[in-house]
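The chain contents come next:
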Amino acid sequence: MIARRLQYELMSHALGPAMVAYQTWSDERRRSRRAAKESPFGPQLECTRKLKELMTRHYLAGRYADGAVPVAWVTSGFPVEFLRALGFFCVYPENHAALCSVQRKSAELSEVVEKEGYSRDLCSYARSDIGCALSLKTPVGRLPKPDLLACCTNICQTVLYWYRALAEHFRVPLVLLDTPFVYGSASPHQIQYVRDQLGEAVETAERISGRKLSGERMQRTAELALEGANLWGQCLEQGRHSPSPWTGFDGFFHMAPIVSLRGSEETNDYYRLLLAELQDRVSRGISGIREERHRLVWDNLPVWFKVRDISTSLAQRGFNLVCTSYTNAWAEAGKRMDPQDPLGSAARVYTHIILNQDLNNRMEVLRRLATEYRADGAILHSDRSCKPYSMGQVDLREKLASELGIKVLLLEADHADPRAYSSEQGETRLAAFMESFA
Amino acid sequence: MRTTYLQSQKDRGRRVLAVLPIYFPRPLLTALDVVAAELWGPPGPPRGPAAARVQTYVCAVARNALAFLSSGGADVADGVLFPHTCDSIQGLATIAKDLGGWKKRSFTLLHPKGPSRQSARTYLLAELRGLARELGEWTGRSLEPKRLSEAIELHAEIDSLRAELLTRRARLALSDRALYQLLRRGEFLWPEDHLAELRDARKSLNGQKVQTGVPLMATGYVPEPGSLFEVLEQAGAFIAADDYAAIGRRLPTREVVRHSDPFETLVDGWFALPPCPTRSADHASRLDHLERLLERSGARGVLIHQQKFCEPELFDVPAIRKMLTERKTPLLYLEGELERELSGQAVTRIEAFAEMLSTQGRAA
Amino acid sequence: MSVCAFGIDVGSTTTKAVAIDAGGRILERRVEPSHPRIEEQSARILDSLRGALGDAPVGATGYGRKRVKAGRILTEITCHARGAWTCARRPGVLIDIGGQDTKVIRLGPSGEVTDFAMNEKCAAGTGRFLEVILGRLQVPFSEVGDLVAKAAKAVPVSSTCTVFAESEVISLVAQGEPLEGIVRGLLQSLAARVSALAGSLPDGSSVFMSGGVALNRAMVETLQKVLGRPVEVLPEPQLVGALGAALSVRS
Chain A
81 MIARRLQYEL
91 MSHALGPAMV
101 AYQTWSDERR
111 RSRRAAKESP
121 FGPQLECTRK
131 LKELMTRHYL
141 AGRYADGAVP
151 VAWVTSGFPV
161 EFLRALGFFC
171 VYPENHAALC
181 SVQRKSAELS
191 EVVEKEGYSR
201 DLCSYARSDI
211 GCALSLKTPV
221 GRLPKPDLLA
231 CCTNICQTVL
241 YWYRALAEHF
251 RVPLVLLDTP
261 FVYGSASPHQ
271 IQYVRDQLGE
281 AVETAERISG
291 RKLSGERMQR
301 TAELALEGAN
311 LWGQCLEQGR
321 HSPSPWTGFD
331 GFFHMAPIVS
341 LRGSEETNDY
351 YRLLLAELQD
361 RVSRGISGIR
371 EERHRLVWDN
381 LPVWFKVRDI
391 STSLAQRGFN
401 LVCTSYTNAW
411 AEAGKRMDPQ
421 DPLGSAARVY
431 THIILNQDLN
441 NRMEVLRRLA
451 TEYRADGAIL
461 HSDRSCKPYS
471 MGQVDLREKL
481 ASELGIKVLL
491 LEADHADPRA
501 YSSEQGETRL
511 AAFMESFA
Chain F
41 MRTTYLQSQK
51 DRGRRVLAVL
61 PIYFPRPLLT
71 ALDVVAAELW
81 GPPGPPRGPA
91 AARVQTYVCA
101 VARNALAFLS
111 SGGADVADGV
121 LFPHTCDSIQ
131 GLATIAKDLG
141 GWKKRSFTLL
151 HPKGPSRQSA
161 RTYLLAELRG
171 LARELGEWTG
181 RSLEPKRLSE
191 AIELHAEIDS
201 LRAELLTRRA
211 RLALSDRALY
221 QLLRRGEFLW
231 PEDHLAELRD
241 ARKSLNGQKV
251 QTGVPLMATG
261 YVPEPGSLFE
271 VLEQAGAFIA
281 ADDYAAIGRR
291 LPTREVVRHS
301 DPFETLVDGW
311 FALPPCPTRS
321 ADHASRLDHL
331 ERLLERSGAR
341 GVLIHQQKFC
351 EPELFDVPAI
361 RKMLTERKTP
371 LLYLEGELER
381 ELSGQAVTRI
391 EAFAEMLSTQ
401 GRAA
Chain L
20 MSVCAFGIDV
30 GSTTTKAVAI
40 DAGGRILERR
50 VEPSHPRIEE
60 QSARILDSLR
70 GALGDAPVGA
80 TGYGRKRVKA
90 GRILTEITCH
100 ARGAWTCARR
110 PGVLIDIGGQ
120 DTKVIRLGPS
130 GEVTDFAMNE
140 KCAAGTGRFL
150 EVILGRLQVP
160 FSEVGDLVAK
170 AAKAVPVSST
180 CTVFAESEVI
190 SLVAQGEPLE
200 GIVRGLLQSL
210 AARVSALAGS
220 LPDGSSVFMS
230 GGVALNRAMV
240 ETLQKVLGRP
250 VEVLPEPQLV
260 GALGAALSVR
270 S
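These protein sequence lines map, in sequence, to chains A, F and L.
In terms of my numbering, the first sequence opens at residue 81 and continues consecutively.
In terms of my numbering, the second sequence opens at residue 41 and continues consecutively.
In terms of my numbering, the third sequence opens at residue 20 and continues consecutively.
Here chain A stands alone, though its shape is the one from the complex (with noise of 0.2 Å):
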């Protein structure tokens, strides 16, 4: 125990960030002696090699982190913070699915899991996680095994099933955070609801870490929450600018940290870097894409596989993402945060995520994101895997078109699983749209 807790502190404070910084370098190297192509992008961010270093460097301690320090895994709105104040070591299994699909390991995942039974219409996040689950499988070396998984359901249900699975694979216990769905807002009995859960969530976290949750760590953890979703808020709001200083794919990478690292010192440090970065390319009048004719809102996940593909058949038109409804999320429910109650203000906080609210307030996020990024069109994603994020866009995309005057196109593809979508049919429907506006 204490051999692998010193192998995991050596991992991830000392031996990991040299190992980074090594490949970095050597990436680097690499990149340097192709022949430089005529780019439809700006100047890469230079966080990129910081944002880079911190997920490298988060993995990499995570493959000594089991018998070391408490590991849970957990969905991507779940409210983290009481585990950190807790100490555990947080696994974020959609991430590394994402993670997995940029690699194009998706495939190969699945078939694992086909197999098994599972149906290729499930969730392909889902898939290509239970996937490395049971084939040990990853890009990323290796996964700590859990101690716990924690699931909240205001993404969607099926974290539900997924952790189901994962708990009957692990044999650790899962801790269910169930969210009513919020039809305007939610009543005080299922904000109520909500609490109870996390009150008994944390003890049950207590129990498997051996800890007790003080409130003085908890507050802590809190705070640094509420800062890290108002910074990362911030960065987004730069894209308001005319030309934005970076396109909302750079954000999907950039959000790695507000998801899986959440409520830690060096999460807020990044994004104030990130931020600083973004400002000064505004000031200095620089664009994320070489020429920002159109400015596009996106709703939905991203095409993991094909995010090279469709941004830059985009930027050679003249097309930049401008704002995401989905990275926006991050900064939105954090905003609410109360460090002076943080179960009380978590449960209200984590009930009212996007993706748990009816589409009355959807059409709100993307009416107003359209307006205040002064975007003259939309994508919707409209994603094979994640039904809760796409029921309703058909419509969605009629509404903002006639009310706000502006061209929208529906994309059919998947998160994650290359299988699931026609490179070619993609191709020419986001021609044809870009066509459009001409």
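I should point out that these hints are in silico values taken from the structure, not numbers from a laboratory.
Any given hint might turn out to be false.
[What the hints assert, rightly or not] Calculated lysine-lysine pairs in the DSBU-like style (CA-CA distance at most 30 Å, straight line):
{"id": "1", "chain 1": "L", "residue 1": "K172", "chain 2": "A", "residue 2": "K185"}
{"id": "2", "chain 1": "A", "residue 1": "K132", "chain 2": "A", "residue 2": "K487"}
{"id": "3", "chain 1": "L", "residue 1": "K172", "chain 2": "L", "residue 2": "K244"}
{"id": "4", "chain 1": "A", "residue 1": "K487", "chain 2": "F", "residue 2": "K362"}
{"id": "5", "chain 1": "A", "residue 1": "K217", "chain 2": "F", "residue 2": "K249"}
{"id": "6", "chain 1": "A", "residue 1": "K217", "chain 2": "L", "residue 2": "K172"}
{"id": "7", "chain 1": "F", "residue 1": "K348", "chain 2": "F", "residue 2": "K137"}
{"id": "8", "chain 1": "A", "residue 1": "K195", "chain 2": "A", "residue 2": "K130"}
{"id": "9", "chain 1": "A", "residue 1": "K132", "chain 2": "A", "residue 2": "K185"}
{"id": "10", "chain 1": "F", "residue 1": "K137", "chain 2": "F", "residue 2": "K50"}
{"id": "11", "chain 1": "L", "residue 1": "K88", "chain 2": "A", "residue 2": "K185"}
{"id": "12", "chain 1": "L", "residue 1": "K244", "chain 2": "A", "residue 2": "K217"}
{"id": "13", "chain 1": "A", "residue 1": "K217", "chain 2": "A", "residue 2": "K185"}
{"id": "14", "chain 1": "A", "residue 1": "K479", "chain 2": "A", "residue 2": "K292"}
{"id": "15", "chain 1": "A", "residue 1": "K185", "chain 2": "L", "residue 2": "K85"}
{"id": "16", "chain 1": "F", "residue 1": "K368", "chain 2": "A", "residue 2": "K195"}
{"id": "17", "chain 1": "A", "residue 1": "K479", "chain 2": "F", "residue 2": "K137"}
{"id": "18", "chain 1": "A", "residue 1": "K185", "chain 2": "F", "residue 2": "K348"}
{"id": "19", "chain 1": "F", "residue 1": "K348", "chain 2": "A", "residue 2": "K415"}
{"id": "20", "chain 1": "F", "residue 1": "K348", "chain 2": "A", "residue 2": "K195"}
{"id": "21", "chain 1": "F", "residue 1": "K144", "chain 2": "A", "residue 2": "K479"}
{"id": "22", "chain 1": "F", "residue 1": "K143", "chain 2": "A", "residue 2": "K487"}
{"id": "23", "chain 1": "A", "residue 1": "K217", "chain 2": "F", "residue 2": "K362"}
{"id": "24", "chain 1": "A", "residue 1": "K479", "chain 2": "F", "residue 2": "K143"}
{"id": "25", "chain 1": "A", "residue 1": "K185", "chain 2": "F", "residue 2": "K362"}
{"id": "26", "chain 1": "F", "residue 1": "K144", "chain 2": "A", "residue 2": "K195"}
{"id": "27", "chain 1": "F", "residue 1": "K50", "chain 2": "F", "residue 2": "K143"}
{"id": "28", "chain 1": "A", "residue 1": "K185", "chain 2": "A", "residue 2": "K195"}
{"id": "29", "chain 1": "F", "residue 1": "K368", "chain 2": "F", "residue 2": "K249"}
{"id": "30", "chain 1": "L", "residue 1": "K244", "chain 2": "A", "residue 2": "K195"}
{"id": "31", "chain 1": "L", "residue 1": "K172", "chain 2": "A", "residue 2": "K195"}
{"id": "32", "chain 1": "F", "residue 1": "K362", "chain 2": "A", "residue 2": "K225"}
{"id": "33", "chain 1": "F", "residue 1": "K348", "chain 2": "F", "residue 2": "K362"}
{"id": "34", "chain 1": "A", "residue 1": "K217", "chain 2": "A", "residue 2": "K130"}
{"id": "35", "chain 1": "F", "residue 1": "K348", "chain 2": "F", "residue 2": "K143"}
{"id": "36", "chain 1": "A", "residue 1": "K225", "chain 2": "A", "residue 2": "K195"}
Only a predicted model underlies this, so the values are computations on that prediction, with no experimental measurement involved.
Dock chains F and L against the given chain A, drawing on the hints supplied.
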């Protein structure tokens, strides 16, 4: 036929509430003189101008229901109740309410997920009371605790009769088709009318076994299309144990504790239901329940009958498969999209399954 | 040797019929493209067999089995299993890639079906998948083997949906990928789908193959590679279903 019946109920001063799958407090509706008319799709391709408002990768139950509601198919109903069964029915609820499809009143029942925890019990009690209040205001009737208690007893009797017909299936001189038609009429009949039909059917129970085909267990969402049962019968098989969400999973597995507050009784009834993925039962209790059903019924094979894209059900399939493989119980996996008829391919698979089981029976 | 039974397998693309003797040997065979008027076609084929060999009971199977005037009607699964057992005489896993559906049938120690899997209604993983795309590439089925042998490497085709794969293949061609590599990629994609349907195979179990696609050497080799074990093609693989149907009425 359904519409005519429901209209006649309205003429008697009752209100009609269309209800989406699966779980809702029937006694509460009965006590307020509200007839529930369940909406499982309906089967067939979605029709009308709203047919394409839900993407094709969403289950047909939700997709068809929006098309049906939007095109006036459920206009005999005075309101709709959307239980929080899954993401798709949740999505349907907000589309119909916020973006058009249902103009009359809609209600929601955001029932808790997971095991019987104190937080879930307290919440369900408050949620049921809230629904009762809303329905009371809507009907203009006051809910008397005595009437609610009576309605609870009425439904308990219905449930126990339904359970009896299912558990003593092999002695029941009715075809699967006829039995399931009867059970599914409970989806829209006023409870007393349904009770009368059930009592009548009970007379067909014999002292000894009358079903001679290969006994099967069925687990899945909803037994559609109904012609499935004819194909099974012709192939020499019958359903001896039922774990359809629409049928068997709505019958309590134990005696429900009667509390002085009938709402408390409703809450206990909720947690007395068999394990179901849409209420997020854990695998262990679900598999236990299925194994008990298998053993009690003597089923020789299992039909896993799902709707395409039904996440809650589909996520449980690997565990069920594994359990059956370990027990060496043959299984047939059948997936549909609320078609009106089985495809030729599905018929072939069912027939081959029955052929396989009957030769195995001979070998044994 | 006198005729003892007829078997007819009315498939979605071809109709196959056999006449067998008491020992289960095939005396006569007929293979024709399936006609929509199943009753007429099957009656004509059976009459021609009767004319040559005399009368005998008829067993029917296949997609159109219920339209045939036969003494016994059984599904393809049972018939392929019976036919395969007569040829192989040992337990194992039988793969039949048909025009409309693909079947994986497990044979028990006495030839009984212990389990089977069939693709869902989509054409992915069936002979139709190959047919559509090869047709699009204008590659005759008979040339697939030679073509694949020439491929330096497979060009991966990731879509398994027939419609998606078709457009993917067209764009691969447009990008200048070699035809032989694409065809090899297609076979691999189909084999992966079949392997997924088969699930994990018990160690040491034999794998047999029936159906018209089994005549394609390249497909069999690809399947062997993906499954990681030898695949034994049954004699006259396209007749196995008809043979099983005949065996089921053999007195």
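Tested hints:
Simply put, L:K172 and A:K185 have alpha-carbon atoms about 20 Å apart, close enough for the 30 Å limit, and the pair holds. Using a Cα cut-off of 30 Å, the hinted pair A:K132 and A:K487 is violated, with the two alpha carbons roughly 35 Å apart. In summary, the hint linking L:K172 to L:K244 is supported, as the alpha carbons are separated by about 14 Å, within the 30 Å threshold. Among the hinted pairs, A:K487 with F:K362 is inconsistent with the structure: their alpha-carbon atoms are about 49 Å apart, more than 30 Å.
Proximity of A:K217 to F:K249 is assessed by CA-CA distance (about 53 Å); at most 30 Å being required, the pair is judged violated. Only pairs whose Cα atoms come within 30 Å are accepted, and A:K217 paired with L:K172 is accepted, the gap being roughly 25 Å. A hinted pair counts as satisfied when its Cα atoms are at most 30 Å apart, and F:K348 with F:K137 qualifies at roughly 25 Å. Restraint check: the Cα-Cα separation between A:K195 and A:K130 comes to about 39 Å, which exceeds 30 Å; the hinted pair is violated.
As the CA atoms of A:K132 and A:K185 are separated by approximately 19 Å, the hinted pair is consistent with the 30 Å bound. About 24 Å separates the Cα atoms of F:K137 and F:K50, which keeps this hinted pair within 30 Å; it holds. A distance of roughly 52 Å separates the Cα atoms of L:K88 and A:K185; the hinted pair therefore is violated under the 30 Å criterion. Restraint check: the Cα-Cα separation between L:K244 and A:K217 comes to about 22 Å, which is no more than 30 Å; the hinted pair holds.
A threshold of 30 Å between alpha carbons decides the hint, and for A:K217 with A:K185 the separation of about 9 Å falls inside it, so the pair holds. With a C-alpha separation of about 50 Å, the suggested pairing of A:K479 with A:K292 is violated against the 30 Å cut-off. A hinted pair counts as satisfied when its Cα atoms are at most 30 Å apart, and A:K185 with L:K85 does not qualify at roughly 46 Å. At most 30 Å may separate the alpha-carbon atoms for a hinted pair to count; F:K368 and A:K195 meet this at roughly 18 Å.
For a cut-off of 30 Å, the pair hint linking A:K479 to F:K137 stands: about 15 Å separates their Cα positions. The straight-line distance between the Cα atoms of A:K185 and F:K348 is roughly 25 Å, inside the 30 Å bound, and the hint therefore holds. Straight-line distance between C-alpha atoms of F:K348 and A:K415 comes to about 39 Å, which puts the hinted pair past the 30 Å bound. At most 30 Å may separate the alpha-carbon atoms for a hinted pair to count; F:K348 and A:K195 meet this at roughly 18 Å.
Distance restraint check for F:K144 and A:K479: the Cα-Cα separation of roughly 21 Å lies within the 30 Å cut-off, and the hinted pair is therefore satisfied. Among the hinted pairs, F:K143 with A:K487 is consistent with the structure: their alpha-carbon atoms are about 28 Å apart, no more than 30 Å. Between A:K217 and F:K362 the CA atoms are separated by roughly 22 Å; this keeps the pair inside 30 Å, and the hint holds. Restraint check for A:K479 and F:K143: satisfied, since their Cα atoms lie roughly 18 Å apart, inside the 30 Å limit.
Distance hint between A:K185 and F:K362 is fulfilled; the C-alpha atoms sit about 26 Å from each other, no more than 30 Å. A hinted pair counts as satisfied when its Cα atoms are at most 30 Å apart, and F:K144 with A:K195 does not qualify at roughly 46 Å. Distance hint between F:K50 and F:K143 is fulfilled; the C-alpha atoms sit about 19 Å from each other, no more than 30 Å. As the CA atoms of A:K185 and A:K195 are separated by approximately 16 Å, the hinted pair is consistent with the 30 Å bound.
Only pairs whose Cα atoms come within 30 Å are accepted, and F:K368 paired with F:K249 is accepted, the gap being roughly 25 Å. Our distance criterion of 30 Å between C-alpha atoms is met by L:K244 and A:K195, whose separation comes to about 17 Å. For the hint linking L:K172 to A:K195, the alpha-carbon distance of about 26 Å falls within 30 Å, and the restraint holds. For the given pair, F:K362 sits about 23 Å from A:K225 by alpha-carbon distance, which is consistent with the 30 Å threshold.
Taking the CA atoms of F:K348 and F:K362, the gap is about 20 Å. The hint holds against a cut of 30 Å. Note on A:K217 and A:K130: the hinted pairing holds, with a Cα-Cα distance of about 26 Å set against a maximum of 30 Å. Under the criterion of a C-alpha separation no larger than 30 Å, the hint pairing F:K348 with F:K143 is consistent with the structure, at around 29 Å. Between A:K225 and A:K195 the CA atoms are separated by roughly 23 Å; this keeps the pair inside 30 Å, and the hint holds.
When held up to the earlier numbered hints, the structure conflicts with 2, 4, 5, 8, 11, 14, 15, 19, 26 and fits the remainder.
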